[in-house]
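Visitor: The residues making up each chain are set out below.
Protein chains: 2
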Amino acid sequence: MADVRTGGKSGRAVGIKDVARELGMSIATVSRAMNARGEVSEATRRLVLETAASLGYSANQSGRSLRRGRTGTVALVMPIQTARTQSGETFFLNVSNGLQETLLGHGLNLVILPFGSAVRQEQFLRDVVDRHVADAYVLADTQRADPRVDYLLAQRVPFVSLGRTRADGYSWLDLDFAGVAERSVRRLAERGHRRIAVATADRDVNSDAEFLRGYRDAVTTLDVDDDDALVVRLPDSRDNGDLLGDRLLAMPDRPTAVVLAQETLAPGLYRSLRGHGVEPGRDLAVIGFRENPVCAHLVPALTCFHVSLEDYGRRLGEIVLERLSAAPPAPTQEVWPMELVPKESDPALPF
Amino acid sequence: MADVRTGGKSGRAVGIKDVARELGMSIATVSRAMNARGEVSEATRRLVLETAASLGYSANQSGRSLRRGRTGTVALVMPIQTARTQSGETFFLNVSNGLQETLLGHGLNLVILPFGSAVRQEQFLRDVVDRHVADAYVLADTQRADPRVDYLLAQRVPFVSLGRTRADGYSWLDLDFAGVAERSVRRLAERGHRRIAVATADRDVNSDAEFLRGYRDAVTTLDVDDDDALVVRLPDSRDNGDLLGDRLLAMPDRPTAVVLAQETLAPGLYRSLRGHGVEPGRDLAVIGFRENPVCAHLVPALTCFHVSLEDYGRRLGEIVLERLSAAPPAPTQEVWPMELVPKESDPALPF
Chain A
1 MADVRTGGKS
11 GRAVGIKDVA
21 RELGMSIATV
31 SRAMNARGEV
41 SEATRRLVLE
51 TAASLGYSAN
61 QSGRSLRRGR
71 TGTVALVMPI
81 QTARTQSGET
91 FFLNVSNGLQ
101 ETLLGHGLNL
111 VILPFGSAVR
121 QEQFLRDVVD
131 RHVADAYVLA
141 DTQRADPRVD
151 YLLAQRVPFV
161 SLGRTRADGY
171 SWLDLDFAGV
181 AERSVRRLAE
191 RGHRRIAVAT
201 ADRDVNSDAE
211 FLRGYRDAVT
221 TLDVDDDDAL
231 VVRLPDSRDN
241 GDLLGDRLLA
251 MPDRPTAVVL
261 AQETLAPGLY
271 RSLRGHGVEP
281 GRDLAVIGFR
291 ENPVCAHLVP
301 ALTCFHVSLE
311 DYGRRLGEIV
321 LERLSAAPPA
331 PTQEVWPMEL
341 VPKESDPALP
351 F
Chain B
1 MADVRTGGKS
11 GRAVGIKDVA
21 RELGMSIATV
31 SRAMNARGEV
41 SEATRRLVLE
51 TAASLGYSAN
61 QSGRSLRRGR
71 TGTVALVMPI
81 QTARTQSGET
91 FFLNVSNGLQ
101 ETLLGHGLNL
111 VILPFGSAVR
121 QEQFLRDVVD
131 RHVADAYVLA
141 DTQRADPRVD
151 YLLAQRVPFV
161 SLGRTRADGY
171 SWLDLDFAGV
181 AERSVRRLAE
191 RGHRRIAVAT
201 ADRDVNSDAE
211 FLRGYRDAVT
221 TLDVDDDDAL
231 VVRLPDSRDN
241 GDLLGDRLLA
251 MPDRPTAVVL
261 AQETLAPGLY
271 RSLRGHGVEP
281 GRDLAVIGFR
291 ENPVCAHLVP
301 ALTCFHVSLE
311 DYGRRLGEIV
321 LERLSAAPPA
331 PTQEVWPMEL
341 VPKESDPALP
351 F
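Here the protein sequences line up with chains A and B, keeping their order. Each residue of the first sequence is one higher than the one before, starting from 1 at the first, in UniProt numbering. Each residue of the second sequence is one higher than the one before, starting from 1 at the first, in UniProt numbering.
Keep in mind that the hints are not guaranteed to be accurate.
Said to hold, decoys possible - Stretches of chain A that chain B covers, calculated by requiring three or more beta carbons in the stretch to come under 8 Å of a beta carbon on chain B:
#	segment
1	110-122
2	137-151
3	291-300
Claimed, not checked - Below are the EDC-like pairs computed for lysine to aspartate or glutamate, each with C-alpha atoms no more than 20 Å apart in a straight line:
#	chain 1	residue 1	chain 2	residue 2
4	B	K17	A	E122
5	A	K343	A	E279
6	B	K17	A	D127
FYI, nobody ran anything at the bench for these hints, they're computed from the structure. For each residue, glycine too, the CB sits at the ideal point set by N, CA and C.
The following block holds chain A by itself, in its conformation from the complex (with noise of 0.2 Å):
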């Protein structure tokens, strides 16, 4: 079973990254004297095993053995040719930073293998693994029967999914898409909405059949319509948007609210309300799924859900260290919590 794990924003320890800041050194450097690699002088490993000591840094972490892989490097599998990359999604690369992070305070590198339109997937993997190209690897965009994941189980090539599959025994870190599902359709409720549409993308990706299952499971505990004409899904498309807010309007029994499972979709459902005499918030509730640049400067404000993408980086890199590790623990499979962020977008009925 998932973990569901509190994502704790404060009261961090002192990392290595405080004791590089503190230092003015880089944590590749910090992170090389503390483990006693060559390229540091006896002087500068001195002074940093001082300050670690001074500033209260726990080297427990620190002190875990990995296995010697052969490059020293972790690799993160990322698409670039998404519609959700297209309209500004930058979610993988604020991960990444996080990720790097805990990485390097280990003295691993992180690179990011993208894939375009160029590239076939599931052969790109293989080719990178056959090149051995890093020691581990994390898979983005997990797809719900995800031959990657067969691939590298059979290879037994550590790596960790960002999102889960069907298959079992290895380990992943999803955020909590059915939980902000159900928890959006129970605030509408709650608000009076009975008629509340879900618009999701038409691909078979785990983050989307998640969030479709909670969605399923409110819909039908909940004192709210359960009509399959309620659900959307839109084709990975840049206008996605605005497909969405033609089809939420041609419907002969239209809904007083929706939910997104792709926030990227708002600012062109927006307009495209607009464009028909609707405004949104007013006419039409909407409840976006994360926190996202993209929608920050939609008026009214989005009602989303709120994650911090550095810690979520961070514990993906702990989980990462985890597979590398010279006896690696059971799977860790671990859903990330999300808090919600109210604002105006989703007001009570009647409207």
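Since chain A is already given, all that's left is putting chain B on it; use the hints.
Guide: This is chain B only, laid out in the frame that chain A set:
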């Protein structure tokens, strides 16, 4: 001198991508077959060559003799913690798609080396070069005086910079920042504007310096106000669009138009202006730099300039291949043209 080339989009010759699509193979496989690398069967190789010939594929590019590097890899060195990334700027990811296509067509792999907040940019590059991560590098986020360029020149490592610095004697590809600024001011002047502000980031990045150069060229040539108070430099922050609105409205002699070196400022600027009862595109004319999905849903639609990032990435790939060729030509220094996309945000005076 920099050569301004025509950024064609159509009439492309048959490329390796077309051959791959016709055969349902990956570009990497087709490339291997064409270059007679070991991993491809003789039957596949024959099929690929026959198909290529039947499609009219021209092999002159593919016949280019590349210096055999140790890695077969090109690395894009990319920042991930700038305000622009956090505002949903996926510029480099979209450029990567075209870059990857061109490189794969010559059997070269693309990796992205992110540098986030845990990394010191200059030292990072030294570490990477020491570890021989790639045969050639692409530098992004080029500073006006960029020690990375000096370092790579001194090390005789092949590289191309996305954006130019003050150093000479190396290859770069740059967007036409100065030209866009100059044309924006000219367009506004023709529409009756005299007080035209400009907004850039407060960083020593080449692109902003170029943009300001174009702005200054225009205001000193045309019949418009030449007033330093109209130059707004903003911190590298996610809220800088809002801040820009505040700064413009606080000016004693308020401008009637503003030109944005970063179009990602526009959504926050629109919201900020409206918060003060000022309607963008009616009470203040706005022109943004680049057509960007982050601005796609603004009303009134933002006048800006178009560039095909895929084509730009492909051209970047060609310049990388030049640097890797057995007999590299003189450095290529190219300014990539951009095309005006007139919309509704920059009406003529009187409003």
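Visitor: Look at each hint and say if it fits the structure.
Guide: Hint check results:
For the segment 110-122 of chain A, the assignment as covered by chain B holds, since 11 residues bring a beta-carbon within under 8 Å of that chain's beta-carbons and 3 suffice. With 0 residues having a Cβ less than 8 Å from any Cβ of chain B, the segment 137-151 of chain A misses the three-residue criterion, and the hint is violated. Counting residues of the segment 291-300 of chain A whose beta-carbon sits less than 8 Å from any beta-carbon of chain B gives 6, enough to reach three: the coverage restraint holds. Straight-line distance between C-alpha atoms of K17 of chain B and E122 of chain A comes to about 18 Å, which keeps the hinted pair within the 20 Å bound.
A C-alpha spacing of about 16 Å is found between K343 of chain A and E279 of chain A, which places the hinted pair at or below 20 Å, so the restraint holds. Restraint check for K17 of chain B and D127 of chain A: the C-alpha separation of about 18 Å stays at or below 20 Å, so the hint holds.
Violated hints amount to a single one, hint 2; each of the other numbered hints is respected by the structure.
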